[in-house]
Amino acid sequence: MTSWLIRRILLLVPVFLAVSVVIFLILHFIPGDPIDNLLKVGSSPQARAEMEARYGLDRPLPVQYGIWLGKVLHGDLGTAIVARRPVADLIAQALPHSLALGGLALLFSSAMGVMLGVIAALNRDRWPDRLIMGGVLAGSTMPSFWLGLILMLVFSVGLGWFPISGARGWTSLVLPVLTIGLGGTALVARITRVSMIEASARDFVMLLHAKGLSPLRIQLAHVLRHALIPVVTILALRIGWILGGAVTVEVVFARPGLGTLLIKSLSQHDYPVVQACLLMLAMAVMLGTLLGDILQALMDPRVRAAMA
Amino acid sequence: MSAAAPIRALRRPSGGVAGLWLALVALAAVAAPLLTPYAYDVQALREAYQAPSAAHWLGTDEFGRDLLTRLIYGARTSLSVSATAIAISVACGMVLGAAAAWFGGWFDRAVTVVVDLTWSFPEILIALILVAIIGPGTTGTMIAISVAYLAQFTRLTRAQIMTLKGETFIEAARSLGAGNAHILLRHLLPNALAPVLVSAMLATGDAIILEATLGFFGLGAQPPTPSWGGMMSAGSALVFKAPWIIIFPGLTVAITVIAINLYGDALIAALDIRAKLRRAA
Numbered sequence: 001m002t003s004w005l006i007r008r009i010l011l012l013v014p015v016f017l018a019v020s021v022v023i024f025l026i027l028h029f030i031p032g033d034p035i036d037n038l039l040k041v042g043s044s045p046q047a048r049a050e051m052e053a054r055y056g057l058d059r060p061l062p063v064q065y066g067i068w069l070g071k072v073l074h075g076d077l078g079t080a081i082v083a084r085r086p087v088a089d090l091i092a093q094a095l096p097h098s099l100a101l102g103g104l105a106l107l108f109s110s111a112m113g114v115m116l117g118v119i120a121a122l123n124r125d126r127w128p129d130r131l132i133m134g135g136v137l138a139g140s141t142m143p144s145f146w147l148g149l150i151l152m153l154v155f156s157v158g159l160g161w162f163p164i165s166g167a168r169g170w171t172s173l174v175l176p177v178l179t180i181g182l183g184g185t186a187l188v189a190r191i192t193r194v195s196m197i198e199a200s201a202r203d204f205v206m207l208l209h210a211k212g213l214s215p216l217r218i219q220l221a222h223v224l225r226h227a228l229i230p231v232v233t234i235l236a237l238r239i240g241w242i243l244g245g246a247v248t249v250e251v252v253f254a255r256p257g258l259g260t261l262l263i264k265s266l267s268q269h270d271y272p273v274v275q276a277c278l279l280m281l282a283m284a285v286m287l288g289t290l291l292g293d294i295l296q297a298l299m300d301p302r303v304r305a306a307m308a
Numbered sequence: 001m002s003a004a005a006p007i008r009a010l011r012r013p014s015g016g017v018a019g020l021w022l023a024l025v026a027l028a029a030v031a032a033p034l035l036t037p038y039a040y041d042v043q044a045l046r047e048a049y050q051a052p053s054a055a056h057w058l059g060t061d062e063f064g065r066d067l068l069t070r071l072i073y074g075a076r077t078s079l080s081v082s083a084t085a086i087a088i089s090v091a092c093g094m095v096l097g098a099a100a101a102w103f104g105g106w107f108d109r110a111v112t113v114v115v116d117l118t119w120s121f122p123e124i125l126i127a128l129i130l131v132a133i134i135g136p137g138t139t140g141t142m143i144a145i146s147v148a149y150l151a152q153f154t155r156l157t158r159a160q161i162m163t164l165k166g167e168t169f170i171e172a173a174r175s176l177g178a179g180n181a182h183i184l185l186r187h188l189l190p191n192a193l194a195p196v197l198v199s200a201m202l203a204t205g206d207a208i209i210l211e212a213t214l215g216f217f218g219l220g221a222q223p224p225t226p227s228w229g230g231m232m233s234a235g236s237a238l239v240f241k242a243p244w245i246i247i248f249p250g251l252t253v254a255i256t257v258i259a260i261n262l263y264g265d266a267l268i269a270a271l272d273i274r275a276k277l278r279r280a281a
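Going down the list, the protein sequences come from chains A and B.
At position 254 of the first sequence the residue is numbered 254 (our numbering), and the sequence of numbers has no breaks.
At position 170 of the second sequence the residue is numbered 170 (our numbering), and the sequence of numbers has no breaks.
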């Protein structure tokens, strides 16, 4: 297990390097110059050159990349060009908000999705199944920013249950979590349902029936355990989606998270902040995939045996 | 794909209703000028912010333009951008995926690594960055969406060809003296086509949502050209003052995407390719 884990983590290094090159390069293709945002109208070419030298924008690209990566590895993400503050500070402020939102949404969609998927599978092709799968489909086809605004309209403005936007107190989290979570619920419920139905057709289930176990106990104690393996795989592969999906929802609810920061700095051409945001999201994706691999290994005895 | 499958899908109740809605939306988009007495871009400020009424079935927006008219014209933009983007994505993905599966070796490994890497990123992030590079507008949106979905089709095509490669009928063709190109173009790709096309159809639904999201950020079709996302972007600032401006485009997106999913499901059942699709996922 330990050697497998070490190998798996070492595998992340080239991936991280590749992602960092892509993120670094992409930003230099974006048209628009952050220096334009800083210079006063009618500034001299010297002032411009000075400004470029200060931010290192006058050196060749590979050198800029090397300097950038070295600093990143030391935890120095540079200085935001527009906000004129260390990027690491901006990220440190935004990250907890995004993690809380993303984590709760993931929790909500996993719990809700597995529950609905199990109920649907137990009532296969009867009305609870149809109702759940229909509702889940409807929930996943609404654009998340639209769903967020409608929830806001109904629950904040109409009923006054939750604050309209911002990040003060846990009540401000309810609507954003619901908005992101409903989309994820659909995916989880669909996979849980299908893999429950598939696992029920396996030989060992027939044996359990022959042994005289109650059908409900077989479904919940034995079939569900098998059925959860593909669910964990998909959840792990798409863990980055929770943070990514949060981008739009954060903007809609004006939450001070990574998504809001990313969108704002994209429009301001603030390279260092955009780079840092993308790097954080990329790392979240990679760590999520790693976490999923480990969870999956722990759940599946065959994988455990292969690793030993 | 057998020609009768799309028809057979319509015979299922959910497939029929879904097909009807999609046909209606497509027809409305094509025949837009014949269906409505209003123009999509003429402002009538005195009629701004009207709630749904007999004269304006879905109300008017902040410039007094008829919402139903803009919704119908918006269907042109949203549907054509999403469908074209997915078509480009499918074409490129099939070539890449088939090449990777066929040539194998380092080329296959390189493609697989890149595809797996991009596949784990949310499409909205990929699309946002690309639109930022290319610049907002319909072309930028189209390219961004097609790149965002490229990984999915490359992956699917590769998986199909990989499984087909080992089948006996390929061995038979080869022993009859068929060349590489012949086997790839006449035997492998046609057999891989049905699952790819069906998942392309389902992806078009996701692309409509993605196009709307980019439009919501003001990166899609630029005013006064109406698009569903652009209408919701304008409506989001007015959600408390005139909620109908954002409610109806969102409902249209949701119903259209549901219809695409239901019809796609019916098509999967009619073609009996559920197992093929799952193997590649």
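Check the hints yourself; a few may be wrong.
If you want a taste of the chain B side facing chain A, the calculated C-beta under 10 Å gives, among others [said to hold, decoys possible]:
| no. | residue |
| --- | --- |
| 1 | Leu24 |
| 2 | Thr112 |
| 3 | Val253 |
Stretch by stretch, here's where chain B covers chain A in the computed footprint (C-beta under 8 Å, at least three residues) [stated by the list, open to error]:
| no. | region |
| --- | --- |
| 4 | 144-151 |
| 5 | 171-182 |
The set of hints was computed from the structure by calculation and includes no laboratory data.
Remember, predicted model here, so these are calculated numbers, not experimental data.
Note that beta-carbon positions come from the ideal geometry of N, C-alpha and C, so glycine has one too.
ask   = Does the structure break any of the earlier hints, and which numbers would those be?
value = The structure conflicts with hints 1, 2 and 5, although it agrees with all the remaining ones.
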